[in-house]
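K.L.:
As a plain string of letters, each chain reads:
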Amino acid sequence: MSAAVHEEHAHDPAHIRKVAMWVFLGSECLLFGTLISTFLLYRTRTGDGPTAAEIFDIPFTSISSFILLMSSLTMVLAHHSTGRKDWRQMRVWLVATALLGMTFLAGQVFEFTGFVEEGLTVTTSPFGSSFFVLTSFHGTHVAVGVLMLLVTALMSYTGRWRPDAGMDVELVGLYWHFVDIVWIVIFTVVYLLGV
Amino acid sequence: MTGNRGLWHWLTTTDHKKIGKLYGVTALAFFVVGGVEALLIRLQLATPNGEILSADAYNQMFTMHATTMVFLVVMPAAAALTNYFLPILIGARDVAFPRLNALSYWIFLFGGLFLTLSFFVGGAPDGGWFGYAPLSTQVPEVVRMDYWALGLLVLGLASVLSSVNFITTVLTLRAPGMTLMRMPVFAWMATVVSFLLLFSLPIITIGLLQVYLDRNLGTAFFSAAGGGDPILWQHLFWLFGHPEVYVLVLPAMGIVSEVLPTFSRKPLFGRPFVIFSGIAIGFMGFGVWAHHMFTAGLGPVAEAAFALTTMFIAVPTGVKIFNWLGTIWGGSLRLKTPMLFSLGFIFLFVIGGLSGVTHSIAPADSQQHDTYYVVAHFHYVLFGGAVFGLFSGVYYWWPKVTGKLLNERIGKLHFWLMFIGMNLTFAPMHILGLNGMPRRTYRYAEGLGLDLWNLVATVGSFTIAASVAVFFWNAYRTAKRGEVAGNDPWDGRTLEWSISSPPPEHNFDVVPVVHSEDDFWHRKYTEDASGNAIPLAASAQADPGHPETIHLPSPSYYPVLSAAGIFVMVVGLVYLPWGLSVVGGGAVVTLWGLFGWSMEPLTREDHG
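In the order they appear, the protein sequences are chains A and B.
In this text, residue positions in the first sequence follow numbering that gives the first Met the number 0: the first is 0, and each later residue adds one.
In this text, residue positions in the second sequence follow numbering that gives the first Met the number 0: the first is 0, and each later residue adds one.
Treat the hints as calculated values from the structure; they're not laboratory data.
Check the hints yourself; a few may be wrong.
Stated by the list, open to error - To be clear about the criterion: a stretch of chain B counts as covered by chain A if any three or more of its residues have a C-beta under 8 Å from a C-beta of chain A, and this derived list gives those stretches:
no., segment
1, 161-172
2, 196-204
3, 369-381
For every residue, glycine included, the Cβ atom is placed at its ideal position computed from N, Cα and C.
Chain B on its own, in the form it takes in the complex (with noise of 0.2 Å):
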């Protein structure tokens, strides 16, 4: 067996915490790409009639700025929150199948891998992150968008197996008295995003390979001209792209949930509620697809009928505001790091959503679509949204993951400068829009009043970009002199503040037994007749350890040879008919590594 360190240790750890650091490591390399390709963007746009990227440069960086936002940067970086903290959150030992998580991490890495290979083989995929028919779908001989279908199908196959994995988790490996409404809120939110994915992203799945069989077949799916209908598309794409949408800022809800109670000193305000409102923006998160299609010509109908489901889904939203203000009010407060991200993702968050509730209003989104306005819109939902949500974790749990806290005076310039920046960037977009400033056109002319506003995001983008270089900075500081965090740095009021930091490999030495919600918070404090939390003598939180013998998952390189193998594949798929080879090679090791799989023991020799 090897150490513990080493390039051979990574690629066949199964221990979730190393996966979750796995994750969060590609997530912000993938960070970095996509917001070069922003500021691409932004630098295009500065002055009318850019000269800095070719309408065709232009067209592959809004594509792929989008498409690696969303599946590259978000989405692993909550798989990798929720991989780290999901299992120690609810007092398991690790995830339900360890080596498939693995699968799941080196399946997502081989998919970002080859989306952003295609750079270099031709040109990126630029038709758009929806990749509309029959856009999509036209000049089989340009492959730019068979590498964004299949990308987009390697992706999803990873996120539905590492959801059956954390559904799995949750259903099964509770530790005693961890009942469900027990589960801390940010467990809620990622078992709430794993049943989104494993039912959004099949329908996207099969709409890829329609995409990807009318390109390379010849089949009619969506081609108006051999009887198919280009429309179907956008309903396949928008049923799995509007629970997506959550699927993104779900994760950041569960984190805030947890953030705003500790450094307030209070439970979350009406607890059940948060739980069930995010139970119900996942249903409901079904039923409003068809308003990214009111210029689609559904009819008037269907245009009233998802008017109304849109505007009803802000109502658990706002249930939601309501109950963090009043987790906040009257508590005491401490605005470290973590509390000012979580406060900024309320701040910016309500202002995206009442910008969302417009679009509910189908005339007026007529005038909006495809304008700078909704692109302000989503940014402030998904940046100031989901991004300032998940750097809040971030800040929260580093001192967990690493042992050593973020420095708070670097960490509060990081939030500062991105909170400026962000609205610097995003806030005139909506003046730029309602101006009527059309997206995804590279260049304006000069003259049409667009020339200031657009500077001025431009100018914000930039200081978005110094704001991460800040955090970058404040890691690096940290791991070279960081101040030690000790167990538990926020007194904070869930269990992974109760082991040590980094955790043992093992987690839990003992499992506990819990007994209320915020359990860790009731074994430190009790309260007095007025309320106040009081202190308990050190003797009576201790906890009993005896040490018992622990089964950990063993290292395992099947997964990622299986991943490999689909890598493979993929990329002779692109390139049919001679490409059909290099599929068969993939799929031989591939089914090697699954059959390997099948037949290696479980567990190695008993820990400790």
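Bound conformation, chain A alone (with noise of 0.2 Å):
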């Protein structure tokens, strides 16, 4: 790649929300990273209360990890449709992708009220404390994304919408991909290691 070809493409405003979404998404690593230890040095000090073998429903939460993978596909739908420019096909990608989000979320706060139900809380063990916690860290990065799912899809019906409007749908995709890859780690360490 020449110099000037190299430039052109470093002050192109787009690149450069890019490469700034790249470097949050690093430090959101960390921020996850640290809730999984506290989980993995908590996961069997269950005190008196229930231990993940006897609360966890792994069907029912491979079913929601799937709905929420499947997300990502719309999402990559939508980030496809910008390319073409059919704004109208962008529009049902994103509100499908945020209707699964928010179905994984009702799946959420579904599964908690069965573990509360069942004895476990945020006070009751060190385990369930770090277990809430990191999923409604987790849960909550879904909401925004949800939130900016939808705020994308109603900011292309203004007059304000730009010709690079498809850089929008690039970042979010970006937070929303990251956000399902940090799930498919949880579903992982917590559920599947847990039982």
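Grab the two chains, each in its own frame, and use the hints to assemble them into the complex.
P.N.:
Shown next, in the form of structure tokens:
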């Protein structure tokens, strides 16, 4: 790549924001890494409360995990539509992604309610504390992602929609895929290793 | 649009230079606050059985002195210089995200005010700057440590956002020809610091969240009674805390690496080694944290491993020291005030570094742990190191920022008073510590042989205070009738000296094209056969100006609005459960700010 081409590329605002998103996600890795480390330290410290094997419902969580992973597919389709400047289809896939994310969140709320009924709360044991804080921290990220998806879809109706708006979708997509990947780690480490 | 002055202008500015000034002024204000706290500590300890402070007030003083100096003085002072000079040093017109930059500053300011506010509402945090659990997680009815945990969370957010901003700036906005290895060393060290913050702050963020939840929600993260492990807090804190040490000192190392070549009229000796050892320090900084925990009972294997990594990290630091000495060697030295502070940095940092290596020997450390020997060590590194380096940068760049030179004679008085005061204060603490005087105890009995050196330390601390007063006098006098600096008062080597003092709003009329390291020097001088610098004719250095259309970021009030919402939120979080409605109110304000932000066009009309 010649220097001139490189320069033009480097000063492109879309490129700059993408670099920033990658850097930010690097920081996010450490947030989740610390929470997962805390969980690994405490995963057998259940005190008088229920253990992981006693409460986890692997088939249920597998389904909600599958739903979340499918939302990455719809996210890719949304981004693909921006390449063709097909804004209508882009909105459809953005909203579909948000709906899948909300389904996952609903599953998490349902699951948590069950755990609380079985006697595991955030104060029961270090296991309970680290489990709920880790998974709800991830859930908060999903919720923020849903908000970003819906705002992006809504903004495409306004007059402020810019020609480089495909970049917005790509940035939201980066974030969304990251949150999904983190869930794969959580599902493996917390759920599958726990039972 | 409002004019260039007035409160509204400062509240809404997105100019990296103005934000840098805001950081600088705020850091100086907190320097006075943290300094007064230190003087009260020294007054209390001046004589045996001191009567100035109660035990409770003393605990607040040493906690807030450290918290203030680390998070509200040294970090923002470095952020001030980074904000102001990083874009200029790499030939950029601003940082990558000017409004995000403003947001970082306002979050930082509100975080600092929030921490300091605690003094007036029932007492300041009193559990040490490292807030060891379970001390920090007990007694939830006394909200002091909630102020501490939430305050640091807010300050951490500000630093992570500015780190993302600086890293993106360095990666994407360098001028043509400004390759990474041609970047000035200060820009390099600012980049390393940004990466350190980016990866270390999330760790403490989670730790602080856990402390907050233990206190307010009854979780069991650090509660031994509930099955949790207080040692986990120590790991999380020092996994952040040790990289943080390098966050404090690397900017100073960057400044020294700019000042020494300028005042020796030689290029930095072994430039790539200085850069790579800075990077090495950044990496290794994450592998030494447990040397803060040698008395926590980690077992011989862990202690041996961390003893070795700790000895090892002295190597890249030593490489830097020798390269700085190599830079001075054979140079034509000019002992101006910035140079004095840089030389003072080397001298004091070597002492602090060597006493640091003594901590790496775990059995010896068990004796030194929690004594004044440790206090002596880290003040040599952080005061003799970081603060001297930062003052070197202040004297060096003051003419660029204000257009006027700080007075040399008063500056030298400042340096010598501070140098003597620093050694009077902290050198005796080595002896006090080795004689067994513990840290964080508010009184010592008579007849333990501690009286003399404590008195000397107190005299020293007031000498430091006098030197700071001299600095403020110098700043005031310079503003009134200082000597006009011109563009290039020090015969500098880097791009900031190629533009006017103070720089124009857009920094560069024409974005410079860089051909070598120390590019500006090579525009001024060529070399003869024996390597002596020969000035080039003026015509050869003239920069043909073709003013082009320059887009500058518009002022915006959304950053300060969003930050204010965050402030309201954390105030509410202290006073759960009724504070929850306050949290909601703050969240609405922040969301309003962020939404308005995302709908706001980025640039104002063309400039010039």
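K.L.:
Each hint: holds or not?
P.N.:
A quick look at each hint next to the structure:
With 8 residues bearing a CB less than 8 Å from a CB of chain A, the segment 161-172 of chain B meets the requirement of three and the coverage assertion stands. Only residues whose beta carbon comes within less than 8 Å of a beta carbon in chain A count, and the segment 196-204 of chain B has 7; three or more means the coverage holds. Only residues whose C-beta sits within less than 8 Å of a C-beta in chain A count toward coverage, and the segment 369-381 of chain B has 0 of them, not enough to reach three; the restraint is violated.
When held up to the earlier numbered hints, the structure conflicts with hint 3 and nothing else.
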